[in-house]
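**Q** Next come the chains, spelled out residue by residue.
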Amino acid sequence: MNDELEELYQQVILDHSKRPRNFGELLDAIHVHGDNPSCGDEIRLDVKFGPDGSVADMKFTGTGCAISQASASLMTLKLKGKPRAEAERLMHNFHTLVTSDTEPDTKGLGDLVLLRGVRKFPQRVKCAMLSWRAFEQALGEGGAVTTEGE
Amino acid sequence: MVRAMTNNDWMKVRADFPILDQQVNGKPLVYLDNAASSQKPRSVIAALAHYYEHDNANVHRGLHELSSRATDAFEGSRAKIAKYLGASQAEEIIFTRGTTEAINLVANTWGVRNLRTGDVILLTEMEHHSNLVPWQLLAERTGAKLRFAPVADDGTLAFEPSLLDGVKLFSFVHISNSLGTINPVVELCRAARAAGVVTLVDGAQSSGHLPVNVRELGCDFYAFSGHKMCAPTGIGALWGRMELLQEMPPWHGGGEMIVSVTYERATYKQPPHKFEAGTPNIAGAVGLGAAVDYLENIGRAAIFAHDSELAALAVTRLGEIPGIRILGPSGQRGALAAFHAEWAHPHDLTTYANEHGLALRGGHHCTQPLMRKLRLPGTTRASFYFYNTTEEVERMAEILRAARKFFDR
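The listed protein sequences derive, respectively, from chains A and B.
Start counting the first sequence at 6; every next residue gets the next number (this note's numbering).
Start counting the second sequence at 1202; every next residue gets the next number (this note's numbering).
In short, the hints are calculated from the structure, not lab data.
Take the hints with a grain of salt, since some may be wrong.
Under the rule of at most 35 Å between Cα atoms (straight-line distance), these lysine-lysine pairs were calculated in the DSBU-like manner [to be verified]:
| hint | chain 1 | residue 1 | chain 2 | residue 2 |
| --- | --- | --- | --- | --- |
| 1 | A | Lys83 | B | Lys1606 |
| 2 | A | Lys131 | A | Lys64 |
| 3 | B | Lys1606 | A | Lys23 |
| 4 | B | Lys1213 | A | Lys131 |
| 5 | A | Lys64 | A | Lys87 |
| 6 | A | Lys85 | B | Lys1606 |
| 7 | B | Lys1228 | A | Lys23 |
| 8 | A | Lys64 | A | Lys85 |
| 9 | A | Lys23 | A | Lys85 |
| 10 | B | Lys1574 | A | Lys131 |
| 11 | A | Lys64 | A | Lys83 |
| 12 | B | Lys1606 | B | Lys1574 |
| 13 | B | Lys1281 | B | Lys1213 |
| 14 | B | Lys1606 | A | Lys125 |
| 15 | A | Lys23 | B | Lys1574 |
| 16 | A | Lys64 | B | Lys1574 |
| 17 | A | Lys64 | B | Lys1606 |
| 18 | B | Lys1228 | B | Lys1606 |
| 19 | A | Lys112 | A | Lys131 |
| 20 | B | Lys1228 | A | Lys125 |
Next comes chain B alone, as it looks inside the complex (with noise of 0.2 Å):
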């Protein structure tokens, strides 16, 4: 069920970060750069200080006190993630630096030890760099070759089950980061299970922003980033079957990951320590177990209404401004709106909406082949998240419609 948030109880969440109370360049900000990054509410903050205030030792090893406070704190919040996820068991969620660095894990262990010559990696073409240049190198590393399912004129994915003949892996973006395209995961996931073949879905954008749970969506590998959602940056995850994380080989090599070494060789731990070599991110994790906690608190159902809403009204707005064309569906997206403009450039109106204490993001978003198929040299996005409000969506739509007054003189 959406426990109703009413517009006061949203009020009362804002208020829980402080960053958002300044003025930049004379106007209070407006912060619409979610999709890049999101702000952190006072009880992450809170977690990471007093984690290092009365907590801080390494994990796994210690025999004292702050040792093993460590080690349940950093557990617990697996365990937390876990939960969050739907995950089966605490030890199929692997801790690593963000969604990037979980791709890479995959790519450099699942991969190396399952594609050959000839063999096909599925991808689509609204992925970020990030879920391509790890393909593209494991591609040049096993002789496999890249396939693209194409993106059509409305943004969403031209999805056929005949592409994933000899594909062995299919890695796909939950929520585009350009288009704001909702990808059908379980239907994509149902028809790559039914071909054999192993999916990864890039959970960037939707971890923190709908209900998520990773057996439902029936996807083999799930990759996302804590901050994005709330949490410290740094930290994040990867969710995969534990059938599959038993098979892999490791990748990073060291401490925290063996059983035994000796000067030749070493035996590894089970999943999810053999992927955790050396001393981790402890302070990030908690602070993902706190940013998971306070999610869990508004309820992702209710984040995602909200979101939706002010993403249905940015599109309303901007659509009513002449000479802006917006990418993405026309209807269902993620939480924001990426435009072109035909009378400024994407750089030359971030930099007037910064004056007027906008943050927008202008560019290409980390999605250069997408821009070039659009034959866009970029697009200005606006994007959102639950502590934005409905008066801030229309403070954009002003300064944008002075924006175009200003540029198109």
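Okay, chain A solo, but in the shape it has when bound (with noise of 0.2 Å):
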């Protein structure tokens, strides 16, 4: 069996693009809509923000390839509760994993490390960063809210 294909689709990334975890939608949360034109992979991403600007609590519906399903469910995990300032942090680190050769500080990365086989396929990055893509456009609204939280 061909090793890039074994480290791509590795058996946690298989399982959560078949049972994605917090799949579904948010009330009164903000939402983005994210897509790859070129693919069809579409995502809508809910995200609500406490009076700190930490990641309340988020969820997301779509519909993609397993690897822009598996790194939204597992960015779902792994951002929910999180501080603001540490959002952004695993933010930029999960893209230096999945676009640069050199090793990013990986702390916190938790199972989305199993991403990392992305950098071997670059068309396959935009299908890895869509639902952070998305992520990030929740943070511009989000700033908003953190003002007003202040």
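Hints are included, so try docking the two chains, each in its own frame, into the full complex.
**A** Okay, structure coming up:
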């Protein structure tokens, strides 16, 4: 069997793509719609920020490949409850993990490091990053939420 | 008559395509993305090289030797294409960049001249974006409306003559690149003609795959791309009935298309030159002529028979894999099989295939509205040409069976 494929589609990733966690919608949340028009991947990400700007709750729905679905599922598990600064740090490190030859600080990424295999498939980076770009968008809005909370 | 081609003959034909003899990711390349673009035989590549090494110059205006050779080669290709399509005269062939530009040409000339508010443009639900978006733009500009002949559950066109009520133009695909459906062009054009409706056939998937005679088809326009039929990219053509071409206003203005020009106005040449402003893709046209020669030598009936055999085998093998649903008609189909696999997304499947040397295409295949109608995020498509072999179809099936085990674990 092909090692790069084995690394890309690890059991945990396939499991998350078939049984995504935090799959659903949140009321009274910030909604972000993200898509990869060329692939047809789509995501709706709902994020609730706490008064201190931390990620209080997060759910997503959408359709897409195993990489985009697993990345979204793992992201929601990891970011829920994280302070804003920590969430931003993880986002930055995850981006480095899937795009760079240099190893990022993987502390706190947990199972997300399993998506490291994506770096060998440059065409699939956009799949792995879709939910994160949606989260980044939500953070922009979230900034306003944080200001109100202070 | 279909010349009987033996397996040995087909292997000799395959050897004309140097690109096929290579490894991808350590495995022999199996190229099954021919509906997107075909490979090129040595004779076409040699024609390009020969043109640039011996005959290259601008066409039509030069009085020197190279210009007349380039002009002869360019116009010679036009004559070959006219004969290939059964056109009445070479002047009915307008060189374009491909199918897309040919359709845009009709929309921007015939369409702008003839369509008014409330007129209807009839399309089908299985159109490629290239035979949809130009008409959306035209509708926006003229106030015309779009109507769509539905696709039935079995992937065939659910056409009925009442769809033609109020229609000025009916533009439809000959062979669907997403479903493989071969539309009954003769019947559709006859119905349109009886209703006084002008027809355009999108021949992107048919021009290199089966015998096409535009007069027998009975259409008014036929658009195709060279690169899907062994010619270079960036060249294709529009065939149109001369009486329609003569009435159409020019589209692009510039050199080559004029008779005389003052600072205020210009008079235009007759078709086809009226529609070919600027220096054309001369080498591309020469390559397209060489591709026509190459295909004619094999014979399009033989190509169609071989393609059909591969597509039928693919449908059989895919049908044996659990969780795979094949799109398109169950009977005769074009040289492709697109499918939905419930155990893997098209992009995961094509990534997997590529790691095994197999080139498939995954996605919406430029038919987003059709995918939405079918409630599919996209499909995986294997598309064939005459240089593919039954062994390659078997290899594809083997890789997909392994893919199922891999993703369904």
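**Q** The structure should be examined with respect to each hint, and the outcome stated for every one.
**A** Hint check results:
1. A:Lys83 <-> B:Lys1606: holds (29 Å)
2. A:Lys131 <-> A:Lys64: Within the cut-off at roughly 20 Å; holds.
3. B:Lys1606 <-> A:Lys23: At roughly 15 Å apart (the allowed maximum being 35 Å), A:Lys23 and B:Lys1606 satisfy the hint.
4. B:Lys1213 <-> A:Lys131: violated (42 Å)
5. A:Lys64 <-> A:Lys87: Between A:Lys64 and A:Lys87 the Cα gap is close to 14 Å, so the pair holds against 35 Å.
6. A:Lys85 <-> B:Lys1606: holds (34 Å)
7. B:Lys1228 <-> A:Lys23: holds (30 Å)
8. A:Lys64 <-> A:Lys85: Holds, at roughly 9 Å.
9. A:Lys23 <-> A:Lys85: Status holds; Cα separation ~21 Å.
10. B:Lys1574 <-> A:Lys131: Holds, at about 26 Å.
11. A:Lys64 <-> A:Lys83: holds (12 Å)
12. B:Lys1606 <-> B:Lys1574: holds (30 Å)
13. B:Lys1281 <-> B:Lys1213: Roughly 24 Å separates the two Cα atoms, so the pair holds.
14. B:Lys1606 <-> A:Lys125: holds (22 Å)
15. A:Lys23 <-> B:Lys1574: Cα-Cα ~24 Å, so holds.
16. A:Lys64 <-> B:Lys1574: holds (27 Å)
17. A:Lys64 <-> B:Lys1606: holds (30 Å)
18. B:Lys1228 <-> B:Lys1606: With Cα atoms ~20 Å apart, B:Lys1228 and B:Lys1606 stay inside 35 Å; holds.
19. A:Lys112 <-> A:Lys131: holds (23 Å)
20. B:Lys1228 <-> A:Lys125: holds (18 Å)
This entry does not satisfy hint 4, going by the numbered hints stated previously; all others are met.
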